[in-house]
Amino acid sequence: MANTTVKGATSVHGTNPQHLIETVIRSRIYESLYWKEHCFALTAETLIDKAIELNCIGGMYGNQRPTHFMCLLLKLLQIQPEKEILIEYLLVEEFKYLRALAALYIRLVFRPAEVYELLEPLLKDYRKIRLRNMSGYVLTYMDEYIDELLREERVCDIILPRMTKRDILEEVEGLAPRQSLLLDAM
Numbered sequence: 082m083a084n085t086t087v088k089g090a091t092s093v094h095g096t097n098p099q100h101l102i103e104t105v106i107r108s109r110i111y112e113s114l115y116w117k118e119h120c121f122a123l124t125a126e127t128l129i130d131k132a133i134e135l136n137c138i139g140g141m142y143g144n145q146r147p148t149h150f151m152c153l154l155l156k157l158l159q160i161q162p163e164k165e166i167l168i169e170y171l172l173v174e175e176f177k178y179l180r181a182l183a184a185l186y187i188r189l190v191f192r193p194a195e196v197y198e199l200l201e202p203l204l205k206d207y208r209k210i211r212l213r214n215m216s217g218y219v220l221t222y223m224d225e226y227i228d229e230l231l232r233e234e235r236v237c238d239i240i241l242p243r244m245t246k247r248d249i250l251e252e253v254e255g256l257a258p259r260q261s262l263l264l265d266a267m
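Note that our numbering numbers the sequence shown so that position 49 is 130, with each residue one more than the last.
Derived by calculation from the structure, the hints in this document are not laboratory data. Nothing here was measured: the structure is a model prediction, and the numbers come from that model. Some clues are possibly wrong.
As the list claims (entries may be wrong) - Within a straight-line C-alpha distance of at most 20 Å, the following computed EDC-like cross-link-like pairs (lysine to aspartate or glutamate) qualify:
hint: 1; residue 1: K164; residue 2: E198
hint: 2; residue 1: K209; residue 2: E229
hint: 3; residue 1: K131; residue 2: E163
hint: 4; residue 1: K246; residue 2: D228
hint: 5; residue 1: K209; residue 2: E175
hint: 6; residue 1: K164; residue 2: D130
hint: 7; residue 1: K117; residue 2: D130
hint: 8; residue 1: K177; residue 2: D206
hint: 9; residue 1: K209; residue 2: E174
hint: 10; residue 1: K246; residue 2: E234
hint: 11; residue 1: K177; residue 2: E126
hint: 12; residue 1: K117; residue 2: E134
hint: 13; residue 1: K209; residue 2: E163
hint: 14; residue 1: K246; residue 2: E174
hint: 15; residue 1: K131; residue 2: E118
hint: 16; residue 1: K209; residue 2: E225
hint: 17; residue 1: K177; residue 2: E165
hint: 18; residue 1: K131; residue 2: E174
hint: 19; residue 1: K164; residue 2: E225
hint: 20; residue 1: K164; residue 2: E201
hint: 21; residue 1: K177; residue 2: E229
hint: 22; residue 1: K246; residue 2: E175
hint: 23; residue 1: K246; residue 2: E233
hint: 24; residue 1: K209; residue 2: D228
hint: 25; residue 1: K246; residue 2: E198
hint: 26; residue 1: K177; residue 2: E198
hint: 27; residue 1: K177; residue 2: E118
hint: 28; residue 1: K246; residue 2: D224
hint: 29; residue 1: K205; residue 2: E225
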């Protein structure tokens, strides 16, 4: 029963939260050694220790093997921690890969207005992060990663749920207009 969503979990975008990750990737995660050894019986608290040990972000690598980052993302989708816990993960500046993991989870699960409100402040984070993909490691930056989460359809080999454009949310839901960092610099 290690691969089932926690009892009482709410559906996300009308489906089981684990199904936000494609079936092929999900089955590869379930078969991976890291999942079986390190992700068994993780809670929102013990997951932090594993996220601190991460040294890269990414989806699949090598011979279609999932990264540890992807395994922990699936575990987060499985246990569905409370919103406040995820926001705390996001606010911890000390551990950049924990922040990256929380940002991807928030992008997958939260409402579009909340995604913009929570992730746009991270565009000020210019730290380097390692991205592991099929061809090896690539150096990128946290602000580029957050920008991809806000604009792209696919990040870390995951098809992201469609998100309402920011200008529409400003009109309809009253989202505050985004303040450009360039205006602040002038």
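Hints versus structure:
For the proposed pair K164 and E198, the alpha carbon gap of about 14 Å is at most 20 Å, so the pair holds. Restraint check: the Cα-Cα separation between K209 and E229 comes to about 15 Å, which is no more than 20 Å; the hinted pair holds. Proximity of K131 to E163 is assessed by CA-CA distance (about 18 Å); at most 20 Å being required, the pair is judged to hold. The suggested pairing of K246 with D228 holds, with an alpha-carbon distance near 13 Å, which does not exceed 20 Å.
With a C-alpha separation of about 13 Å, the suggested pair K209 and E175 falls inside the 20 Å cut-off, and the hint holds. The hinted pair formed by K164 and D130 meets the criterion: a straight-line CA distance of about 19 Å does not exceed 20 Å. Restraint check for K117 and D130: the C-alpha separation of about 16 Å stays at or below 20 Å, so the hint holds. Between K177 and D206 the CA atoms are separated by roughly 9 Å; this keeps the pair inside 20 Å, and the hint holds.
Between K209 and E174 the alpha-carbon distance is near 13 Å, which keeps this suggested pair within the 20 Å criterion. About 13 Å separates the Cα atoms of K246 and E234, which keeps this hinted pair within 20 Å; it holds. At roughly 17 Å between alpha-carbon atoms, K177 and E126 fall within 20 Å of each other, so this suggested pair holds. Distance check on the hinted pair: K117 and E134 sit about 17 Å apart at the alpha-carbon level, within 20 Å; holds.
For the given pair, K209 sits about 28 Å from E163 by alpha-carbon distance, which is inconsistent with the 20 Å threshold. Proximity of K246 to E174 is assessed by CA-CA distance (about 28 Å); at most 20 Å being required, the pair is judged violated. A distance of roughly 12 Å separates the Cα atoms of K131 and E118; the hinted pair therefore holds under the 20 Å criterion. Note on K209 and E225: the hinted pairing holds, with a Cα-Cα distance of about 10 Å set against a maximum of 20 Å.
Of the supplied pair hints, the one linking K177 and E165 holds, its CA atoms being roughly 18 Å apart against a limit of 20 Å. Only pairs whose Cα atoms come within 20 Å are accepted, and K131 paired with E174 is accepted, the gap being roughly 16 Å. At roughly 24 Å between alpha-carbon atoms, K164 and E225 are farther apart than 20 Å, so this suggested pair is violated. A hinted pair counts as satisfied when its Cα atoms are at most 20 Å apart, and K164 with E201 qualifies at roughly 17 Å.
Among the hinted pairs, K177 with E229 is consistent with the structure: their alpha-carbon atoms are about 16 Å apart, no more than 20 Å. Proximity of K246 to E175 is assessed by CA-CA distance (about 31 Å); at most 20 Å being required, the pair is judged violated. Of the pairs offered as hints, the one joining K246 and E233 holds, with about 12 Å between alpha carbons and a cut-off of 20 Å not exceeded. Taking the CA atoms of K209 and D228, the gap is near 14 Å; set against the 20 Å cutoff, the hint holds.
Taken as a hint, the K246 and E198 pair is honoured in the structure, with Cα atoms around 13 Å apart against an allowance of 20 Å. Between K177 and E198 the alpha-carbon distance is near 19 Å, which keeps this suggested pair within the 20 Å criterion. Of the pairs offered as hints, the one joining K177 and E118 is violated, with about 24 Å between alpha carbons and a cut-off of 20 Å exceeded. With a C-alpha separation of about 19 Å, the suggested pairing of K246 with D224 holds against the 20 Å cut-off.
For the suggested pair K205 and E225, the alpha carbons sit about 10 Å apart, so the restraint of at most 20 Å is met.
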